[in-house]
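Protein chains in written order, with the numbering used here: chain Y, 1495 to 1592; chain G, 163 to 588.
The set of hints was computed from the structure by calculation and includes no laboratory data.
Note that the structure is predicted; figures quoted are calculated from it, not measured.
Errors might be hidden in some of the hints.
[Said to hold, decoys possible] Derived lysine-lysine pairs resembling BS3-like cross-links, with alpha carbons at most 27 Å apart: (1) Lys-520/G / Lys-410/G; (2) Lys-478/G / Lys-1509/Y; (3) Lys-410/G / Lys-467/G; (4) Lys-1561/Y / Lys-209/G; (5) Lys-214/G / Lys-1589/Y; (6) Lys-1589/Y / Lys-520/G; (7) Lys-523/G / Lys-467/G.
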Amino acid sequence: MGTWFLKLNIMKIIKIIITLAFIIYVISFVSSCRTSQVIAMKSGAQLWGENCVRCHNVPSPSIYSDKQWELVTSHMRLRANLTKEETIKITEFLKTAN
Amino acid sequence: MKLKLTILFAVFVVTCFISKDVLSQDQSSTNEEIEKLKEENKEQNKKINTNKPGKSTFLLTGFTNLSYHQNLENTDDSKFGHAGFSPITIWQPSERFLFETELHIEMEGGVHGGETGDGHGGHGSEDAESHEGSTFIDLGYANIAYFLNDYMTITAGKFLTPIGTFNERFHPSWINPLPISPLGSGHGGVLPTAELGIQVRGGLQTGISKISYALYVSNGPVLEDGNGDPERAGSPVYSNFSDNNRNKALGGRLSWLPIQNSTLEVGISGQWAKNIGDQGSNYENVGSQLIAGDISYLINSTSLKGVIRIIGQYTKLKVDDALYESDSSDIANGDSPFYTFDNTSTFYYGLISYRPSKSGKKFIRNTELVYRYDFGQTPIGSKWEFEDARSTLGLNYWIQARSVIKLAVSIGELSNIMYLQWALGF
C-alpha cells in the first residue's frame, strides 16, 4: 500500500488543513444563510431515528425530563456533529413524546 | 297620575341612594379581595421562584459494566476480570456553552486484550498489566464547547481523539457491541484516546448528503525514547499530556454521508506531529503520522425483519525511524549498542451485527448477533513487537435499550477467551 500520506511535508499538511478549515467555514457560512431543504422536510422523529441509531439503541423519550433532553441533545450535537437545526428538531420531538 | 309619577320618582331616587351605598360597600369588599389575592399571588410566586430551576442546567449520566472471562485454553484462568463505572457530567450554563466530562473508575482483575468494552486496554498496551488488581481512575475527557454557529462548534480542553469512529462513538460499554475493544484501541492501547488542545467540529448539509468534520491542534504524543521504559522504546505515548516541545500535533477527521437518511458514512482521519521527542535530545526531530479510514453502514431490512450494522476501521501509525539504545544485557550478549526498526503499526477491524428488531417474538427481538475480525501489529523488531488477529463471535441480549448482556468467544493467534459482560447506560 502506498504511504504517500506519511511522507507529506508538515508545512504542506498545515496548508491543507488551513485550506480545508477555510473551505468548511465558508460553506458553513453560506449554508447558514438558507435552511436546508432536506432537513426542513424531515420531522424530529425521523432525524432522531436516523442519527441516533447509527451508533446506539434509542431509549424511550420518557427517561429524561424536557430540560434533561436539552442537555443530552446538546451533548450529542457535539459528539455526532449534528447541525443546530437537527438538534432543535430532535429535542422538540423528544419533548413532545415525553 | 301626577302623584303616581312623583311617588315613582321618589322611590327611584331613594333606590339609587341605597344602591349607591350598597355598591360602594361591594366595591370596597371586592377591592379588599383583589388586594388579598394579589398578596397571595405574590407569596405563591415567591415559593415558585425559590424552587424554579435556573437557565444553567446539569445532568449526571454515564455507563457501568461488569465482565467475566474464561480462558478456553487454561481452565484455571477464569475470573470476574473487570468492573467499571464511568460517570459523565454535562453542564450547560447557557445556550451556546456546554461543559462535559467523563471519568473512568475501573477495578481491573485482569487484562486480556481490552477486556472492557469501554475502550480500556487494547493489545500493545504500555501499562495495561500494571492495573491488574487495582482501581484505576482516569479522566476520559473534560472540555468546554462553544456553539459558534449552526454548523460549527469550538471545543477546548481534553477531548476524545477523532481518529476513526470507535474511540469517539463506540467506546462506552453499552454501545460497543462486544465486551472487548478492537486491537490497539482504548486506554492503554497504542492508538490515541484523547487530546489536550483545541478543536473545531460540526456538520454541514450539502444537498441530500452531509459532511461531518473535526479539526484540532493538540500537544500530541510524546516519544518514549527508552530512557523511561526501555521495553517501550520508539512508541508514541498519547496518554502523556505534558508537551515536551514547542511543536504541536495537527489532526482531524472528515466524513461524508452520501445517502439522504445518513445510513452510510465514509470517513478519513489523521494526525501529524513533526516533533515528538524531547526538545534538545537526540530524538527531537522524530515525528509521527497517524492515518485512518472508516466506514459504517446501517441496513434496516423489512425482509430480514431487523437491522444489520456494518462497521470497519483501518489505522496506520508511523513514527520516524531512530536509533535506540540496547539493554546492557543485550550488549553483553554481543548485540550492537544501538538498534533500529521500521516503526510502523497497523490496526484494523471489520464488524457485522444483526438484530431481528422486527420479529414478532420479544425474546428474539431483543437478541443481537455480532461478529468482528480485528488485526493488530506493532513494529517488527521493536521490544514492544506484537501481532494478533482475532475472530470474535458474540450474542447479546438487550434487557432494555441501554442495558445489555453480552456473551462472546474470541479466537485469536495469542489466546482463545470467552467473555461475559453486563453493560448498563444510565
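Okay, the hints, checked on the actual structure:
Among the hinted pairs, Lys-520/G with Lys-410/G is inconsistent with the structure: their alpha-carbon atoms are about 49 Å apart, more than 27 Å. Restraint check: the Cα-Cα separation between Lys-478/G and Lys-1509/Y comes to about 22 Å, which is no more than 27 Å; the hinted pair holds. Straight-line distance between C-alpha atoms of Lys-410/G and Lys-467/G comes to about 49 Å, which puts the hinted pair past the 27 Å bound. A hinted pair counts as satisfied when its Cα atoms are at most 27 Å apart, and Lys-1561/Y with Lys-209/G qualifies at roughly 20 Å.
Straight-line distance between C-alpha atoms of Lys-214/G and Lys-1589/Y comes to about 19 Å, which keeps the hinted pair within the 27 Å bound. A distance of roughly 26 Å separates the Cα atoms of Lys-1589/Y and Lys-520/G; the hinted pair therefore holds under the 27 Å criterion. Simply put, Lys-523/G and Lys-467/G have alpha-carbon atoms about 11 Å apart, close enough for the 27 Å limit, and the pair holds.
Hints 1 and 3 from the list above are not met by this structure, while the remaining hints are.
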